[in-house]
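> The residues making up each chain are set out below.
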Amino acid sequence: MNTTIVLFLLQDGITNGAIYALLGLALVLVFAVTRVILIPQGEFVTYGALTYATLASGQVPGTAHLVLAMGIAAFGLDLLMRRRTLRLGSVGRSLAINIILPAAILALTLALTGKETPIAINIALSLLIVGAIGLFLYRIAFAPIAHTSVLVLLIAAVGCHLALQGIGLVFFGAEGQRGPPLSNAAFTIAPLRFSGQSIAVYAVTLALIAGLWLLFSFTLYGKALRATAVNRLGARLVGIRTAMSGQIAFLLAAVIGAISGILIVPITTLYYDTGFLIGLKGFVAAIIGGLVSYPLTAVAALFVGIIEAFSSFYASNFKEVIVFALIIPVLLWRSLATPAADEEDD
Amino acid sequence: MSALLRVSDAHIAYGKVEAVRGASLDVAANEIVTIVGANGAGKTTLLNAIMGILPLKGGASFAGIDLARLEIEDRVVAGLSLVPEHRELFAAMGVEDNLRLGAFRIGKAVAAHALERVYTLFPRLKERRLQLAGTLSGGEQQMLAMGRALMGSPKLLMLDEPSLGLAPIIVADIFRTISELRAGGVSVLLVEQNAKAALQIADRAYVMELGEFVLQGSAKDVAGDARVAASYLGV
Amino acid sequence: MRQRLPVILFALVMAAVPFIPGMPPFWIVLLDNIGLSALVAMGLVLLTGVGGLTSFGQAAFCGFGAYTTAVLTTAYGVSPWLTLPLSLLVSGLFAVVLGIVTVRLSGHYLPLGTIAWGLGLFYLFSKLEFLGRNDGISQIPPLAIGSLKMIAPDTIYFAIWAAVILCASLTMNLLDSRTGRAIRALRRGHVAAEAFGIKPPQAKLLVFIYAAVLAGLSGWLYAHFQRAVNPTPFGAEAGIEYLFVAVIGGAGYVWGGVLGAAIAVILKEVLQDYLPYLLHSESQLETIVFGMLLVLLLQLAPGGVWPWLMRRLPLRPDRKRADPSLVLPPRERPAAASGTLLRIEHARKQFGGVVAVNDVSFGVDAREIVALIGPNGAGKSTTFNLITGVLSASAGTISLLGRTLRGASPQDITQLGVSRTFQHVKLIADMTVLENVAIGAHLRGNAGALASMLRLDRGDEARLLAEAARQIERVGLAGQAHMLAGSLSLGQQRIVEIARALCADPVLLLLDEPAAGLRHMEKQRLAALLRELRDGGMSVLLVEHDMGFVMNLADRVVVLDFGTKIAEGTPAAIKANPDVIRAYLGAVA
Chain P
1 MNTTIVLFLL
11 QDGITNGAIY
21 ALLGLALVLV
31 FAVTRVILIP
41 QGEFVTYGAL
51 TYATLASGQV
61 PGTAHLVLAM
71 GIAAFGLDLL
81 MRRRTLRLGS
91 VGRSLAINII
101 LPAAILALTL
111 ALTGKETPIA
121 INIALSLLIV
131 GAIGLFLYRI
141 AFAPIAHTSV
151 LVLLIAAVGC
161 HLALQGIGLV
171 FFGAEGQRGP
181 PLSNAAFTIA
191 PLRFSGQSIA
201 VYAVTLALIA
211 GLWLLFSFTL
221 YGKALRATAV
231 NRLGARLVGI
241 RTAMSGQIAF
251 LLAAVIGAIS
261 GILIVPITTL
271 YYDTGFLIGL
281 KGFVAAIIGG
291 LVSYPLTAVA
301 ALFVGIIEAF
311 SSFYASNFKE
321 VIVFALIIPV
331 LLWRSLATPA
341 ADEEDD
Chain D
1 MSALLRVSDA
11 HIAYGKVEAV
21 RGASLDVAAN
31 EIVTIVGANG
41 AGKTTLLNAI
51 MGILPLKGGA
61 SFAGIDLARL
71 EIEDRVVAGL
81 SLVPEHRELF
91 AAMGVEDNLR
101 LGAFRIGKAV
111 AAHALERVYT
121 LFPRLKERRL
131 QLAGTLSGGE
141 QQMLAMGRAL
151 MGSPKLLMLD
161 EPSLGLAPII
171 VADIFRTISE
181 LRAGGVSVLL
191 VEQNAKAALQ
201 IADRAYVMEL
211 GEFVLQGSAK
221 DVAGDARVAA
231 SYLGV
Chain G
1 MRQRLPVILF
11 ALVMAAVPFI
21 PGMPPFWIVL
31 LDNIGLSALV
41 AMGLVLLTGV
51 GGLTSFGQAA
61 FCGFGAYTTA
71 VLTTAYGVSP
81 WLTLPLSLLV
91 SGLFAVVLGI
101 VTVRLSGHYL
111 PLGTIAWGLG
121 LFYLFSKLEF
131 LGRNDGISQI
141 PPLAIGSLKM
151 IAPDTIYFAI
161 WAAVILCASL
171 TMNLLDSRTG
181 RAIRALRRGH
191 VAAEAFGIKP
201 PQAKLLVFIY
211 AAVLAGLSGW
221 LYAHFQRAVN
231 PTPFGAEAGI
241 EYLFVAVIGG
251 AGYVWGGVLG
261 AAIAVILKEV
271 LQDYLPYLLH
281 SESQLETIVF
291 GMLLVLLLQL
301 APGGVWPWLM
311 RRLPLRPDRK
321 RADPSLVLPP
331 RERPAAASGT
341 LLRIEHARKQ
351 FGGVVAVNDV
361 SFGVDAREIV
371 ALIGPNGAGK
381 STTFNLITGV
391 LSASAGTISL
401 LGRTLRGASP
411 QDITQLGVSR
421 TFQHVKLIAD
431 MTVLENVAIG
441 AHLRGNAGAL
451 ASMLRLDRGD
461 EARLLAEAAR
471 QIERVGLAGQ
481 AHMLAGSLSL
491 GQQRIVEIAR
501 ALCADPVLLL
511 LDEPAAGLRH
521 MEKQRLAALL
531 RELRDGGMSV
541 LLVEHDMGFV
551 MNLADRVVVL
561 DFGTKIAEGT
571 PAAIKANPDV
581 IRAYLGAVA
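Protein chains in written order, with my numbering: chain P, 1 to 346; chain D, 1 to 235; chain G, 1 to 589.
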């Protein structure tokens with residue numbers, strides 16, 4: 001085996017692995033707080049990437065309109081669910097979050113879109129749009145069934161994935177897109193060439209992991225999110241709104257997904273359905289991490305990226321087979337290591 | 001004097017089985033009220049329904065507010081607090097984090113003051129402030145659960161079996177603290193298997209059997225009732 | 001026979017459909033697709049709805065069935081009928097391999113695992129040379145009987161629907177049997193199942209294989225219907241769709257699977273046909289609507305359409321009757337080695353730093369009622385779990401009839417004649433009292449899954465039900481035998497648990513708070529029953545808080561406090577013991 005090839009594959013694997021790590025962390029976060037296995041995580045990636053690419057080409061992305069549509073649905077749901085305990089204050093708050101916020105995002109997008117818009121503004125708009133979609137997705141699809149079993153939530157997640165992927169096709173078409181890189185700089189160390197984009201991938205991944213760590217360790221809101229994950233009833237008993245925690249978790253997951261998308265869309269062409277596969281690889285990492293451990297998930301994600309890079313070089317036909325088969329020995333080990341818990345149907 | 005908590009003709013069901021059938025109860029400000037009864041009589045069910053964990057059919061109001069209008073989280077803000085039978089601590093988090101989260105809905109300044117007070121009440125918690133809640137002993141966990149509930153500065157504290165699984169000496173400690181709380185202006189609704197201890201510190205008592213209150217009155221009268229003595233006091 | 005009538009009617013109607021004059025051929029194609037989908041969904045009903053195991057990977061098993069016959073018939077010229085058993089075998093074998101890896105996984109790991117291998121297998125199908133890669137395999141020969149080739153949709157229609165109706169009947173037979181009850185008990189957690197000798201891993205593997213074989217059958221039919229296969233219909237999306245089909249129909253009901261398939265297939269067709277007109281767009285709008293409907297359905301009718309429909313029909317399912325003349329022979333009992341039935345010596349159980357049971361010793365003699373009392377949290381339930389093998393002791397020995405129970409599984413201990421009830425009732429709420437109690441006799445029957453499907457188990461089954469009915473009568477609930485267990489009061493449910501325990505024909509009965517939630521008269525009846533059992537030769541060990549009940553019933557009382565035995569003796573001696581009064585009856589001096 002040639003050292004240059006090994007180094008090159010390692011570099012490739014680590015870059016992809018960093019992305020999988022971000023997605024894996026988001027999946028763990030969402031699962032811990034809401035018990036939802038976030039199959040539509042991949043759609044957040046696609047939406048982030050393609051919204052960004054569309055904005056960069058000077059057009060208004062359909063997702064900006066979707067935000068308002070989802071906001072209106074969420075507002076309607078709010079009114080319907082609280083019809084018996086309606087008070088002016090709560091209606092006002094609901095109006096602000098569900099109607100005014102998305103309307104403002106849409107207006108901002110319409111006002112700022114143009115060929116000359118700086119990359120930073122396009123990124124900010126993309127994150128706003130996809131973040132808001134995440135927020136409303138929880139409100140519409142999951143909050144009403146938050147008390148049901150993991151299975152029901154999982155099936156709902158699959159439904160969301162189907163709907164969002166279909167909507168993605170409507171907005172972005174079947175053609176693949178690429179977006180402008182964050183930086184065109186590049187430098188070379190020995191045989192390896194590092195592009196500014198790949199450096200950005202590493203830097204952003206590390207920054208996000210550090211940010212999440214700070215959030216969960218040092219802020220009361222972060223601790224409230226953890227508390228929701230550790231003990232839902234306990235959290236409600238101290239007044240933490242678990243529905244709010246769920247929305248925040250979805251918001252974070254959507255933003256993380258969108259960032260991942262924006263990071264990779266300059267490197268690879270993304271189609272409306274590419275996100276699903278990328279998300280699932282983050283998923284493999286999250287499962288290896290047992291859906292609870294953040295560090296284990298991050299390490300597993302790098303491992304998945306590297307395995308993928310090597311198998312695409314040596315057995316490119318079976319790349320996906322190998323990546324998804326990785327999970328089997330892990331599951332086997334888990335099933336042997338941990339005795340089955342006595343579960344009761346809820 | 002108007003009641004702080006008033007429950008009238010409450011019916012509470014688990015699926016098709018009605019566990020509480022037409023219970024009425026009230027707790028005044030600055031009062032310790034206890035509910036005694038056998039396992040499975042419906043005491044825990046009633047507390048959980050007052051807190052909003054289970055749906056309650058009938059009337060329930062707290063400090064003049066109709067409880068039907070409030071979610072669990074809003075009831076906490078209104079000043080109602082439950083220390084549940086299983087304590088429901090954040091096991092994987094530190095003692096002080098648990099306490100601080102108890103004051104999640106209150107301002108920082110008030111929270112700091114509340115923390116001070118809880119540490120005075122339970123010095124043991126201060127010693128263990130960085131330890132994970134899940135690694136505490138049973139008695140310390142009970143203290144932490146009570147401390148966390150007190151961090152929210154409740155008007156009424158509902159305690160479900162605080163003596164569960166605790167050594168007699170610690171039980172005595174916990175009960176002494178309950179009496180102290182009342183002195184500090186907190187009302188207490190206490191569900192307890194240890195009827196004798198509960199009746200000693202309570203002002204009033206209700207006896208629950210098969211989801212209905214069969215007897216109520218001053219704690220002294222209830223403790224003196226022949227039936228209660230036979231069933232719960234082992235006399 | 002009355003039970004069979006709707007099925008026969010349905011079969012007749014389905015058989016007549018192709019002969020309706022003017023029937024559009026396209027509708028027959030839809031019906032074919034519904035049948036294919038229904039077969040897979042039926043497997044999922046058993047796996048997910050009844051057994052509580054969720055699989056997103058069923059499409060892959062269709063793939064095994066379809067590719068097996070495709071390869072064998074095209075490359076090797078094997079007759080399609082010969083490939084049928086092989087297709088089922090291949091699906092079944094892969095199910096064994098994947099099942100051993102996955103069914104032991106708890107909770108959400110299982111569905112996640114199935115998504116992963118579902119995807120992996122899809123890529124495998126699309127990359128393997130001998131499976132034709134992405135293009136698949138075409139020119140598969142049609143099914144043929146003599147000179148009749150089943151090429152047209154309205155001829156293979158009969159093969160598909162014969163399979164659907166046959167499999168539905170077999171599946172319903174299976175559910176209505178000893179094995180079926182074991183499968184239905186899985187959802188209630190493994191502790192209750194194991195307490196009556198059910199082996200959850202085996203039962204789970206069984207339903208997993210069964211569902212895979214049904215999917216394989218669907219795949220085999222699909223291959224000969226389309227006469228070509230490619231990887232697309234066996235991918236993850238298809239696997240998701242099958243689960244959707246089962247959930248809309250009503251995941252707990254065999255006919256829910258068929259109904260769900262009908263709804264899903266027709267819905268997709270309608271959406272594909274009309275949405276583009278409605279919205280003037282070329283895109284795949286049906287996926288969007290499909291996804292949204294799935295989310296909406298879960299919010300509005302999480303139980304599915306079938307149970308919703310059944311509640312609105314006047315039909316009431318036939319409750320089975322037990323024939324009281326049948327007798328189940330008593331279990332073989334291990335010979336008693338000494339006078340003491342159960343002996344606990346220096347038992348200790350530690351959870352982390354907490355000692356729940358500390359050096360506890362006591363015994364239960366033959367024909368004796370022993371009560372274990374103590375405050376909540378004193379270690380009584382832990383002691384029960386040590387005796388029944390749910391937990392293993394950290395130190396000390398527990399022996400039954402002179403045999404040490406170290407390392408014995410709950411099933412072994414049940415086999416030795418120890419039977420129990422639970423503090424938190426563990427009945428299956430949507431099964432009748434009779435069926436719940438019959439689970440207690442699980443080890444006294446021997447009919448297997450295959451015999452049950454083919455109804456060769458009727459003799460065995462009738463004896464089990466007769467025994468269950470007898471025990472229900474014995475505990476005084478004969479009037480409630482055909483009610484759903486979940487509709488009884490909590491106190492009555494406890495009594496049902498006692499009947500279930502008695503059904504195992506035990507030598508030692510362990511009762512965890514049997515009197516909680518009972519009225520005064522019911523308590524007296526229970527006490528009388530327990531005395532009668534004792535006089536009949538059984539021993540009883542019970543945990544109970546109601547002092548009046550305990551002191552009037554028990555021959556001997558053991559008092560635990562803080563995991564330690566603080567006293568043992570006759571009720572009179574215990575009442576007078578100052579240590580007991582101090583520990584148990586109040587700590588505040």
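Quick caveat, the hints were computed from the structure, so don't treat them as lab data.
These numbers were taken from a predicted model, which means no experiment stands behind them.
Ideal Cβ placement from N, Cα and C applies to all residues, glycine included.
Treat the hints with care, since some could be wrong.
[Said to hold, decoys possible] Each computed EDC-like pair below joins lysine to aspartate or glutamate, with the alpha-carbon atoms no more than 20 Å apart:
1) Lys575/G with Asp535/G
2) Lys57/D with Glu96/D
3) Lys155/D with Asp203/D
4) Lys126/D with Asp74/D
5) Lys57/D with Glu31/D
6) Lys126/D with Glu85/D
7) Lys319/P with Asp546/G
8) Lys199/G with Asp412/G
9) Lys426/G with Glu18/D
10) Lys319/P with Asp412/G
11) Lys523/G with Glu209/D
12) Lys155/D with Asp26/D
13) Lys196/D with Asp579/G
14) Lys196/D with Glu31/D
15) Lys155/D with Glu209/D
16) Lys108/D with Asp97/D
17) Lys196/D with Asp221/D
18) Lys196/D with Glu18/D
19) Lys523/G with Glu212/D
20) Lys196/D with Asp546/G
21) Lys523/G with Asp546/G
[As the list claims (entries may be wrong)] Computed Cβ-Cβ distance ranges for the label pairs, DEER-style:
22) Arg93/P with Val96/G: 53 to 61 Å
23) Gln131/D with Ala120/P: 41 to 49 Å
24) Arg348/G with Tyr314/P: 32 to 40 Å
25) Pro329/P with Met521/G: 45 to 53 Å
26) Gly217/D with Leu296/G: 49 to 57 Å
27) Trp333/P with Met521/G: 34 to 42 Å
28) Gly22/D with Asp273/P: 18 to 26 Å
29) Pro191/P with Leu267/G: 53 to 61 Å
30) Asp412/G with Leu80/P: 25 to 33 Å
31) Lys575/G with Leu233/P: 34 to 42 Å
[Stated by the list, open to error] Anything over 12 Å on all C-beta distances counts as not near chain G; from chain D, calculated:
32) Tyr14
33) Ala19
34) Ala41
35) Gly42
36) Ile53
37) Ala68
38) Glu71
39) Gly79
40) Gly107
> Evaluate each hint against the coordinates.
Hint check results:
1. Lys575/G with Asp535/G: violated (25 Å)
2. Lys57/D with Glu96/D: violated (37 Å)
3. Lys155/D with Asp203/D: holds (17 Å)
4. Lys126/D with Asp74/D: violated (29 Å)
5. Lys57/D with Glu31/D: With Cα atoms ~25 Å apart, Lys57/D and Glu31/D exceed 20 Å; violated.
6. Lys126/D with Glu85/D: Distance ~23 Å between Lys126/D and Glu85/D Cα, so the pair is violated.
7. Lys319/P with Asp546/G: violated (65 Å)
8. Lys199/G with Asp412/G: holds (11 Å)
9. Lys426/G with Glu18/D: holds (18 Å)
10. Lys319/P with Asp412/G: Judged against 20 Å, a Cα distance of about 47 Å means the pair is violated.
11. Lys523/G with Glu209/D: holds (13 Å)
12. Lys155/D with Asp26/D: Roughly 14 Å between the alpha carbons, so the hint for Lys155/D and Asp26/D holds.
13. Lys196/D with Asp579/G: Between Lys196/D and Asp579/G the Cα gap is close to 16 Å, so the pair holds against 20 Å.
14. Lys196/D with Glu31/D: The given pair, whose Cα atoms are some 18 Å apart, holds under the 20 Å limit.
15. Lys155/D with Glu209/D: violated (28 Å)
16. Lys108/D with Asp97/D: holds (14 Å)
17. Lys196/D with Asp221/D: holds (13 Å)
18. Lys196/D with Glu18/D: The hint is violated at about 28 Å.
19. Lys523/G with Glu212/D: holds (18 Å)
20. Lys196/D with Asp546/G: The given pair, whose Cα atoms are some 15 Å apart, holds under the 20 Å limit.
21. Lys523/G with Asp546/G: Roughly 10 Å between the alpha carbons, so the hint for Lys523/G and Asp546/G holds.
22. Arg93/P with Val96/G: 53 to 61 Å: holds (55 Å)
23. Gln131/D with Ala120/P: 41 to 49 Å: Given a distance of about 45 Å, which is inside 41 to 49 Å, the answer is holds.
24. Arg348/G with Tyr314/P: 32 to 40 Å: violated (55 Å)
25. Pro329/P with Met521/G: 45 to 53 Å: Given about 60 Å between the Cβ atoms, the range is violated.
26. Gly217/D with Leu296/G: 49 to 57 Å: Check passed, 53 Å falls within 49 to 57 Å.
27. Trp333/P with Met521/G: 34 to 42 Å: violated (56 Å)
28. Gly22/D with Asp273/P: 18 to 26 Å: violated (58 Å)
29. Pro191/P with Leu267/G: 53 to 61 Å: Between Pro191/P and Leu267/G, where Cβ atoms are some 56 Å apart, the hint holds.
30. Asp412/G with Leu80/P: 25 to 33 Å: The hinted range 25 to 33 Å is violated for Asp412/G and Leu80/P, with Cβ atoms some 55 Å apart.
31. Lys575/G with Leu233/P: 34 to 42 Å: holds (40 Å)
32. Tyr14: violated (8 Å)
33. Ala19: Violated: least Cβ distance 7 Å, not greater than 12 Å.
34. Ala41: Answer for Ala41/D: violated, closest chain G Cβ roughly 8 Å.
35. Gly42: violated (9 Å)
36. Ile53: holds (17 Å)
37. Ala68: holds (22 Å)
38. Glu71: holds (19 Å)
39. Gly79: Given a closest Cβ separation of 28 Å, the condition holds.
40. Gly107: holds (37 Å)
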